[in-house]
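Can you build the whole structure from these sequences, using the hints too?
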Amino acid sequence: MAFEEVNSTLLTSQLLMNDSDERFFEQFKLGTTRYYTLLHLEQSPGLTLSELSQRLICTKGNMTRILKSMQADGLLERYNDPRDGRAIRHTLTPRGMALLVRVRAAYRNFLDQRYAGLELYEIDSLQRILSRFNRRLEASLRPTE
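Take the sequence shown: its position 51, counted from the start at 1, is 1481 in our numbering, and no numbers get skipped.
Think of the hints as simulated: they come from the structure by calculation, not from any bench.
Cβ coordinates follow ideal geometry from the N, Cα and C atoms, glycine included.
Be aware that a few hints might be false.
FRET-style restraints, in silico, Cβ to Cβ [claimed, not checked]:
1) G1504 to L1548: 35 to 41 Å
2) L1550 to G1515: 49 to 55 Å
3) P1475 to S1499: 15 to 21 Å
4) S1474 to R1532: 19 to 25 Å
5) E1481 to V1531: 19 to 25 Å
6) E1456 to T1521: 21 to 27 Å
7) D1514 to N1539: 37 to 43 Å
8) Q1543 to C1488: 35 to 41 Å
9) T1523 to G1461: 15 to 21 Å
10) G1515 to Y1551: 34 to 40 Å
11) R1532 to N1448: 18 to 24 Å
12) G1461 to R1508: 15 to 21 Å
Right under this line is the structure:
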């Protein structure tokens, strides 16, 4: 199989998954980035804008817009870092946490349906191959010394 064909298949999968995820999250008035922002803030409360933009692989400008919108919706709050007054950190509000709990449960069911046609060994193989591929991509994007 030619590399172009593999690349085309991966891109098509990415587009289809992004589209179906966006449709799924619409019912909760969320987008994919907002969901993963909630998830990251649950796992690591107190992240800065820069840390979130790195984890979500988006620009600081886009992350700023998303965080302001989520704060206006009462899903998160910001506070000054007590050790570094210049740094602004973010944490989930009880409303944000409640939404995350609700969406995460529904998203797990959604993902179960997405992968229902695959055998467990196929899912394991896919995970292993894509993880290795992602590590190579990430390494190629790191600045050279």
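The hints, checked one at a time:
1. G1504 to L1548: 35 to 41 Å: Given a distance of about 38 Å, which is inside 35 to 41 Å, the answer is holds.
2. L1550 to G1515: 49 to 55 Å: holds, 51 Å
3. P1475 to S1499: 15 to 21 Å: The hinted range 15 to 21 Å holds for P1475 and S1499, with Cβ atoms some 19 Å apart.
4. S1474 to R1532: 19 to 25 Å: holds, 21 Å
5. E1481 to V1531: 19 to 25 Å: holds, 23 Å
6. E1456 to T1521: 21 to 27 Å: Since E1456 and T1521 have Cβ atoms about 26 Å apart, the given range 21 to 27 Å holds.
7. D1514 to N1539: 37 to 43 Å: Since the Cβ atoms of D1514 and N1539 sit about 41 Å apart, the hinted range of 37 to 43 Å holds.
8. Q1543 to C1488: 35 to 41 Å: Because 27 Å falls outside the window, the suggested range is violated.
9. T1523 to G1461: 15 to 21 Å: holds, 18 Å
10. G1515 to Y1551: 34 to 40 Å: violated, 53 Å
11. R1532 to N1448: 18 to 24 Å: Since the Cβ atoms of R1532 and N1448 sit about 22 Å apart, the hinted range of 18 to 24 Å holds.
12. G1461 to R1508: 15 to 21 Å: holds, 20 Å
Checked against the numbered hints listed earlier, the structure breaks hints 8, 10; every other hint is satisfied.
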